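K.L.:
So the chains spell out like this:
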Amino acid sequence: MDIVSLIAAKANYWTYVILLMVGLYAMVAKNNLVKKIVGMVIFQTAVILFYVSIGYKKGGTLPIIMHGHDHGHGVDSFIKAADYINPLPHVLMLTAIVVGVATLGVALALAIKVYQEYGTLEEDEIRKQIELKG
Amino acid sequence: MSIETVLSIKPVLAVLVSLLAIPGIISSRSQNIREAWTFAAAGIKLLLVVSMLPIILDGKTINYTLVQVFPDVGISFRVDALGMLFALVASSLWIVTSLYSVGYMRSLDEHSQTRYFAFFAVAISATIGVAFSANLLTLYLFYEILSLATYPLVTHHQDKEARSSGRKYLLYILGGSVGLALPAMMITYHFTGTLDFAPHGVMAGHVNSGLALLLSMMFLFGFAKVGIMPMHSWLPAAMVAPTPVSALLHAVAVVKVGAFSVVRVMTGIIGTGVLADFNINGIICAIASITIVVASLIALSQDELKRRLAFSTIGQLSYIILGVALLSKSGMTGGILHIAMHAFGKITLFFCAGAIFCATGIKYISKMKGIGRRMPITMTAFLIGSLSVIGFPPCGGFISKWHLVLGTIESGRLIFLVVLLLSSFLNAAYFFPVFYNAFFCSADEVLFEDRVEEAPLWCVVPLVITASLSILLFFYPQPFLNLASLAVQTIMGI
Amino acid sequence: MKILGTITILLCGGLLIFFTSDFPDFGDPKSPASIHLSPYFIEHTLEDTAVPNIVTSVLADYRSYDTMFETTVILTAGLACFLLLRIPTKEVTRRYYLHEPTGVTLRFDGDRYPKGSNVFKRIDSNWVPYDIIINFTCRLLIHFIQIFALYVVAHGHYSPGGGFQGGVVIGASIILFAISSNLRASIKRLGEKAAAIFTATGVFIYAGTGALCMVIGEHFLNYSFLAPLLGTDRIMARSHGIFIVEIGVAVAVMAVMIWIYYNLSSAGKQDEGL
Amino acid sequence: MTFFDGDSSLISNLPAIVVTLPLFASLIAGFLGWKNRKAPYPIAAVALFLTFISSVVLMIQVMSTGVAIEYRMAGWAAPVGIVYVIDHLSALVILLITSIAFVNFIANKSNIDTVFRNKAGAFNSLYLLFTAGLLGMTATGDAFNLYVLMEIASLSGYALIGLGSNRAPLSTLNYLFLGTIGATFYLLGVGYIYIATGSLNMADIASIMPKILDSSMILFAFIICMVGLLIKMAIFPLHGWLPNAYSESANVAAGLIAPLTTKVTIYIMIRICLTLFTPQYTFDYLNTSDLMVWLAIGTIIFGSLSALAQKDYKRMLTYIIIAEVGYMVGGFFLGNRIGVSGAILHIVNDAAMTLALFMAAGIFMWKTGEESQESLKGMFAKMPFTMAGFTVAALSVVGVPPTCGFFSKWYLISGGIAAGQYFFVAALIFSSLVNAILFFRIFEIAHFEPFKDHHHHSSNHSNKGEEASAHDTHEQTIKEAPLGMLIPFMAVSILLVVLGLYSGQIVNNIINFAIPSSIL
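Chains as they are written, first to last, in the numbering used here: chain A, 1 to 134; chain B, 135 to 628; chain C, 629 to 902; chain D, 903 to 1422.
Worth flagging that the hints you see were computed from the coordinates, not collected in a lab. Please read all numbers here as calculations on a predicted model, not as lab measurements. You may find that some hints are simply not true.
As the list claims (entries may be wrong) - Not the full set, but computed from the structure, chain C residues with beta-carbon under 10 Å of chain D:
(1) Thr695
(2) Ala705
(3) Thr829
Said to hold, decoys possible - Straight-line distance between alpha carbons at most 30 Å, and here's what the computed DSS-like set of lysine-lysine pairs gives:
(4) Lys1213(D) - Lys302(B)
(5) Lys133(A) - Lys1269(D)
(6) Lys897(C) - Lys937(D)
(7) Lys1021(D) - Lys1011(D)
(8) Lys1021(D) - Lys816(C)
(9) Lys743(C) - Lys816(C)
Each residue gets a CB set at the ideal place from its N, CA and C atoms; glycine is no exception.
Given these sequences and hints, build the entire structure.
P.N.:
In structure tokens form, the structure reads like this:
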């Protein structure tokens, strides 16, 4: 009973940790470079998920001021912070997503270069080739 | 006793003058111009040093701080009696050695002479820097520069032997300074908060007996240039260098920098009080005595002349340490004076060895039978030099040894008197075969035909000068003797 | 490696999960994150910037400096892909041509290929005939996608959206075009040079706005100093400033998406690809 | 009108200018690169020079006023908006970054021309972006902004070193993986800090810190941030990416990235520990010293021993860099004033030394076209000036006075003694000795072995006729690097000595103010 409520209360953290570990595992253990890149994306996405989840507030709605276009009619007085979810993590994650995309692009470009050089993306085969060349 | 200090940039100039000559040396188009630069720098340096002499003899010191690098520690210079004595020896002998170098290098047609003269200049700058250091940091700085600048000189021949000797040289010298002296210096700084050389040391009251002993040993062995056993074996190895290098660096600059550094540290950092209180000086004396006796015994067995001289140097250096560590007035005077006296004697011997090599290409004593008849001037100078090293009147070496002997008696440690006498006997024993071979071997053993003559004039003149100086110093030791007693007065506070 | 990986992730994961017990509960309105800084944004966005969408106002005003560098990040990525991959098209020697009247495919090596011919059509090395349905549907959709994208850019002040989202959608529409027809057709319409220059221009619009604020005002990116130029009050100037930089972001993101796609899909040859 | 008092407004906007100037220049360079291949280089050079000048002005400004400059981006005050904080520490590191970026750029013109000939625009842009990223990382007072700028520096760094030898892409990809893990860990740490405090501004977080010292969130945020940064600075055993990535890259990239990346990351670590987590938390509450110093000792010993095993000059340098990382991390976590001063001083000195060594590598490469140590045969005779500069740099790494390496090592060692970390002291001395062996091995090769196509200098006394003119022929065979490479290199070597002699002033006038007074 206690465990269930605990999990329910921390579900967001658990989810992100599991995703994070999936990504990390792929990066550490996988042999194929593209799989590693996929792992990297999962790894970054896990952190994005974590951020977004901490922005959530029970009873809050999306962070756009209601009746915002009635600006100038004294609407400010009844804006309550508790009514809206926290916008800051969303902003940060917009940035982080873009950074993730950029990293992905560069990683793929490097992977293409590696493929052009060795004709394979399997790490053990690449290592064998390097050893053969001395 | 308050010491009057004078602020002057002269010590810095004295250090820098030979460095400033380097661009001139490198850019010279001919040998003559290059050597002119060398001599000019040497002359100016000597003049600068001598111009400071009267101030020092007045009992004042000259101070100059270049830049402050740590709290209370800077790159600073101070000229006092002890430093003055050493600088005087080094700068006057540099001129003579430059003369000799010119002759030696030209007559053997050595390669890379530009490099040789350039690094020679760096080395002499560093030597003067050590002499004029006001604190341990500055001393260490110039000590290291000297180690590095002499490496290309030691390995001048660039062959296999030079390479392995060079390795050994750096291993001992740098290993000692970085591995032992540097940590010792930092520990000292940590405990005392200063590195300045004070007349009575800075350690008193900051350290216990164990730490004082540890630091003393770290300094003694860390300044490996002094060649205390077992840190001595670089010195014979370094004899692969061209003879002028051996002469100036391994009889005067490098090894004396080692001895000077140890003396400075013992008196200026550790302090005579601490040495006496914890009875560290007894241990140092014992170590020095062992080195004296063992080195002399090894010297007996060496056939290569320069190696024999090298072991002789190792023994003689320990005289200096022994004398200072006796902590008696005469002993200390003798030890400090020995820096100068031994320098003049030993440099004569090296010049002779080089002259013989120049003229005949011979390195081994056993092959020098009859050489005295062919090279009478050289071998007479050799005789004078060795008499000075043995400590026989009428040579300068007698004066320092006399003070040393007095010092052992003053301090009441008669065992060291025995050591001194034994070692003098051994000195005589290892020099005797050289004269015997040179002058008294029977006619049928003579290896030289008539055409062997004296070495070129450039080589002979310097050794005549130093030999005569050795004799002169017996009759007129005042400049050095005064400086030494002045230094001792400051240290002992009398 | 697998065992090592397993051990690592079990350890890390266990540790991470173990420490979550102290963390605020999911959706807790009283957590420090929700009470320290964010209320300021929620309560002041209208009076400070006149933008109801708080995410937009924080993104492009309160933390506009972050966003400028975020735009720079993708510029960096575009440049990086270009620098790493790009090979001059001249160096590509093997080409395939389809003889349209007969349907025969020919391979040409070196520079002996039909130039400016009506009957020969250049095709990719692993070419398959285009699916007419996909081709047609995409052509139809692309316009609507682009119009929607412009709406997303323009309406970022009032509804979810903004420069990034809109820019990505436009970029995606062009990538969709490249996929549904071929890379060369797409490059003919929007070349690599144009993409690169658009990217730089987008970032320049953003940073230039910031610098303009600095030159006529006192802080980098402080849009309220644009008021005299825009002819509005200082608060509305912020709103307009946000819109200007959002356009810059949109242009940069759009162009860089296309640029990266060109380079990645053709491995830098920009000759053939998806 | 503010137009007319441009001077004062220019000065007051310097923190923004110093970072955005390279950004603008990179846009212009990238723009013009499409039109004219030759245009980007002078633009970038001028921009780097102006950035350097602004950083000098910034430094003077900070030193003369003695207080940190706070610059509000977009006009919003601290916790709400992003602020730049230029204090003594960041001004020092900014000056370091701009000067190294400028000197390296000038010295490697020929390398840029050969390696990046077709892509001059992109290369120059990325070079400037990398500089801008590092400058921003240094100047920012916002934990998240730091992440964004870190990624700019990283991404442009990947691109710059990815275009080196044939193996460069693979090693760069590995670098990218680890760099991303490091950066993402840092981001995660910032997230934890955020949920614990609700703020992203470093000073604001620091003011909240005393209330939440025993929060496990903060503890974990600290651990994760540190792990992320330690990966990025390549501390043992997380160093795997560094040697390959740096040694396979083009000289101009290695000369920029090798001196700066690890050093700036260490600066970030110091900044995070001091400004964000507060020294009270880092040193007193957590007592991290022992663990981190042992990590540093491991790094120093590992780096030194691995360097000993290398045959390739540039690879050897990369392991030396790893060992030096240990110096700085260890020095900082000694937790006393001397140690921290030493670490900060060593950031400056080590960056300068590494720059000099990589510039030397560039010149050797230019000369011989090879990278093995064997290719340096006879260099002393062939290139006396280059070798003189190289000797100074090498001695600085070894730690011989009066070069700067000695003085920072002095602070580190005395800090170690004061903290009672004798193993750290021993490791430093050990590493100095190993460095001595490393460089004297090279000196021996360069000194004893004859130059490859030139066997004149083996001591052949026999043919005396020739030897009379030996000196003159020797002079003629000297073939130095072009002045464009040599002059910057000599300037850096001289700087190594000047930095050494003035280290007392640097510590007294800059570093002393950079360390919070709570560290004794």
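K.L.:
If a hint holds in the structure, say so; if it doesn't, say that too.
P.N.:
Each hint, compared with the structure:
no., hint, verdict
1, Thr695, "holds (9 Å)"
2, Ala705, "holds (6 Å)"
3, Thr829, "holds (8 Å)"
4, Lys1213(D) - Lys302(B), "holds (22 Å)"
5, Lys133(A) - Lys1269(D), "holds (25 Å)"
6, Lys897(C) - Lys937(D), "holds (20 Å)"
7, Lys1021(D) - Lys1011(D), "holds (14 Å)"
8, Lys1021(D) - Lys816(C), "holds (22 Å)"
9, Lys743(C) - Lys816(C), "holds (16 Å)"
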